[in-house]
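Since each chain sits alone in its own frame, please combine them into the complex, following the hints.
Okay, here's what each chain looks like letter by letter:
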Amino acid sequence: MIVLNQRIIRNGLAKIGEHLQVHGDVEILLVGGAAGTLTGELPAAWTTADVDVIHFHLPEDRDAVLAAAGLATRELSLPPSWLSEDVGLYEWTLPEGWRDRRIEVGVYGRLRVYAASRIDLIAMKFIAHRERDLEHLAQMRVTAAELSFVRCYLDALNKEHSDQTGRIEMARAYVEGWKVGP
Amino acid sequence: MTTSLRDSSQFIESVAARWARLGVLVNVDPAEQTPDLERLLLDTARAAAANSRLFVLAASWLAEYGEYVDGRRLAQLIEHELEPEYRPTLGMMLAWAGMHASAGSRFDAAVSACGLPIDARPLLDIEHGNPVFARLAERRASDLSRRWGRWMSEFHSKPGALRPREWIAKQNPALRPVE
Chain A
1 MIVLNQRIIR NGLAKIGEHL QVHGDVEILL VGGAAGTLTG ELPAAWTTAD
51 VDVIHFHLPE DRDAVLAAAG LATRELSLPP SWLSEDVGLY EWTLPEGWRD
101 RRIEVGVYGR LRVYAASRID LIAMKFIAHR ERDLEHLAQM RVTAAELSFV
151 RCYLDALNKE HSDQTGRIEM ARAYVEGWKV GP
Chain B
1001 MTTSLRDSSQ FIESVAARWA RLGVLVNVDP AEQTPDLERL LLDTARAAAA
1051 NSRLFVLAAS WLAEYGEYVD GRRLAQLIEH ELEPEYRPTL GMMLAWAGMH
1101 ASAGSRFDAA VSACGLPIDA RPLLDIEHGN PVFARLAERR ASDLSRRWGR
1151 WMSEFHSKPG ALRPREWIAK QNPALRPVE
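Residue numbers (the working numbering), protein chains in the order written: chain A, 1 to 182; chain B, 1001 to 1179.
Fair warning: there could be bad hints in the mix.
What the hints assert, rightly or not - Derived list of chain A stretches under chain B, where covered just means 3 residues or more per stretch with a C-beta under 8 Å from a C-beta of chain B:
(1) 72 to 79
(2) 102 to 111
(3) 128 to 141
(4) 169 to 176
These are computed hints drawn from the structure, not numbers from a lab.
A quick note: this is a predicted structure, and the numbers were derived from the prediction, not measured.
Heads up, the beta-carbon is just placed ideally off N, CA and C, and yes, glycines get one too.
Only chain B is shown next, with the shape it has when bound in the complex (with noise of 0.2 Å):
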């Protein structure tokens, strides 16, 4: 995927439209249909330098919502599909639903496929572009985010920007937890 092409604002709100639609309330209609969670997430690393928020939107979603990935899957899509330079960014959002999470070694496998740090920066495009804002965001990463080499500042859970599991379940028939 180009660097253009995942910085557009139709594919930020295509991100935020399948997640909206899987119960976060994200200022986005939500999409038509219950999305492919697992290529979600995918999407969702690639579209994080450009919009944080989805990220620890996802990274929520997954510490309360993690029994609908299928772990196995995803390793095999992050193998297979995803580019390298967006696997330290989901190893990173999947290691944090892992401490998070009641079952976070459902995503041992997946965040095995993210592999090791490549390089260095900020998670964000706005303090990777800013030298200043690069020294800055350095200086407070979370020891996660530097041991994934894409530094950003520890976050808390977000909960109030996530639905109930009822109202997921009501929306998503498709959706089942993966054993």
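This is chain A alone, in the form it adopts within the complex (with noise of 0.2 Å):
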């Protein structure tokens, strides 16, 4: 069954799709509670409908993408920002290897849809740990063995990125102290 939030997410991609103007297929990840919720790993009440465009697999299908975006917001009457890539700022939070974890979510036209993985949404949950992203991680039941995988993540990301401590090791202090369920 396709619940209303992954409804709206589906109809707004598939009428960038309709309006796509490019010569090739089109690639992009999504991140965020759209991937979550399209992946089926975060229930639908504690996400919204909006869609964090985080990586877009050629650089100049940006434009392309974004100005399609536009005609399917006032087509479908959603949010002037409904479709952002803003979360693309974090691009260097995505774990290693996430492109061979990621999981197609549909094709609309030239426009192929990806949303990162489970493993890679809880890791980039942990370094954004705001109060949404903590709430998410305890819906998603976050198991010892992905733990492990996000305290290997953070240390990979400390030794590319020492301009983030801070946020490194905050993201830490909420793994050593998270409690997993029996």
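Written out as structure tokens, the structure is:
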């Protein structure tokens, strides 16, 4: 069954696919609530139907997708920033190997849409550690093995992004304080 | 309202469904009828500790569409129906909306009805129930949340999750701006 949130998101993506003016196929990667919803990792009432695009396979596709999203926004009475690329600032938080783990959630015309996998969403939620991320992590029932993955991820991040030490250490505090269920 | 009822998925979904009817792009089927907006705000305060997203979305909606709220009726409902432990949460939501709305003073009476903070703790249950997280929550709490004794970090309005005014008016003809 497609629940409402999926319907809004999928209708929007389909409209983008319909309006997309490109010569080749376009690939995008979703993260956040939309990714969690489309992959069934997050319950409906804990997410919103706006869409965070963190990665365009080809940078030159960005403008075409945003232009098509503008048309979709008007036709479906969606909020102006329904599809956002602001999260692209955090592309550095994508764990290594995400491309092999990503999940295809739909093909709409020339638009191929992927969502970050469960473990990548978990890792990114720890590094973001806003209130809603903690709630999502609780909903996702993170396992001990997944916490181990996140520890390795934070170590790797720390080596490559020394300017983000404060954020990484805060994330580590949440990992160490996390209570794994039975 | 008991804690178990407030935390139940059904209650959270009912609050989310009523906001969906009012144009919030939360991921549940919208309620069949236009909700009682002032009572919805009371329920949102009750649900906030279990779902901060609803708190942020409701605050964003109020900042954008606050003219639909009957401030005097809301103040009366707070005094007569809202349990004391949820009043700081609603007070913080209304105060935040008041700071971000063009006609924020319409919430003044309702903010006053929320009274003074009764204790100091993280807004979220998940942080309240974990001493490490509670300490971290206090460290990053916004000034406003400290004033209300319900710690949460600074947050921004979420216009990307709100339908346009025209959509809200079309779906909810009974909803009228309050003078």
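Taking the hints in turn, this is what the structure says about them:
1. 72 to 79: Satisfied; 3 residues make the cut.
2. 102 to 111: violated (count 0)
3. 128 to 141: n = 6 at 8 Å, threshold three: holds.
4. 169 to 176: Three-residue rule met by the region 169 to 176 of chain A, so holds; n is 4.
Checked against the numbered hints listed earlier, the structure breaks hint 2 alone; every other hint is satisfied.
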